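Participant: Chains as they are written, first to last, in the working numbering: chain A, -14 to 143; chain B, 252 to 381.
Hints in this document: simulated from the structure, not taken from any laboratory. Values in this document were obtained by computation on a predicted structure and should not be read as measured data. Glycine included, C-beta positions come from ideal geometry on N, C-alpha and C. Honestly, I wouldn't trust all of these hints.
[To be verified] Covered by chain B, per the in silico footprint, the following chain A stretches (three or more residues, Cβ under 8 Å): (1) 52 to 58; (2) 62 to 75; (3) 97 to 109.
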Amino acid sequence: MAFQILLNVFLAFIWMFIKVSFDVSSFIKGYFFGLIIIFVFRRFFGSRFYLAKIIAALKLLLLFLKELILSNIAVLKMVLKPKLDMQPGIFAYRTMLTKDWQITLLSNLITLTPGTLVIDVSDDNQTLYIHAIDIADVDEAVKSIKHTFEKAILEVSQ
Amino acid sequence: MNANIPSEVLPILLILIGTIFSLLSAIGLVRLPDVYTRSHAASKSTTLGVLFILVGTFLFFLLEEHYFSIRLFLGIFFVFLTAPVAAHVLVRSAYRSNVALAEESVQDDLKDFIHTDSKKTKDAEVNNTD
């Protein structure tokens, strides 16, 4: 991915040298044409076309903001309920992510989403121990949410 | 003066929402039963409160003073990067030093894991104190 971006910047500079106009607008124009060239030659690169990855990352960001707002509303409902009747608990969650940065990102996202908080990561990086604030009804919903998160992270990294 | 009113409404609303979130997370800190549930309130609501307040401040300076302050967005970025990690480290160290869960707790999968490798961690602690 980094190689494709570097190549795109390089092509933009080539465009600037060809046009002999060294300003921002010609850089942007050259970058756009370089993007088209890289899109045409996308099957010669090892990884995917890098704009797809950037779009996947933006989708992940939007998903995260939505979950953050929903989680805050859930926490506020719980705090303001006249009777505290939740059932906190810790459950183990097996993850299929392997790289360190993926697991860090996933645990940050889990911590900032409804009713869950990562307490510990096992030594072999395969199990996350998550504290859920209401284990009775959140457990299933949380699992589906995290499958969407995991899928989005895999989408970004493949 | 009248022309300024619509441009002020959005920042005012955002800062108000952020303040309400921060207040309610403080109430959550007082009301919830144990350290783990409290850190839920602390890690989520204060993060969103800071987000709303900083975005409101950014919009206020952009609309009133026409000053584009990218530092506020950097502040949001850093808060988002560090707040969950801080909550995680606090809760993890609380669990490792045997702080009990609330009585309502129903499930504890981490207990087996900690007990099976408590010997290892004890050895590590001895090595650290030397």
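Participant: Name the hints, by number, that the structure is in violation of.
Facilitator: none
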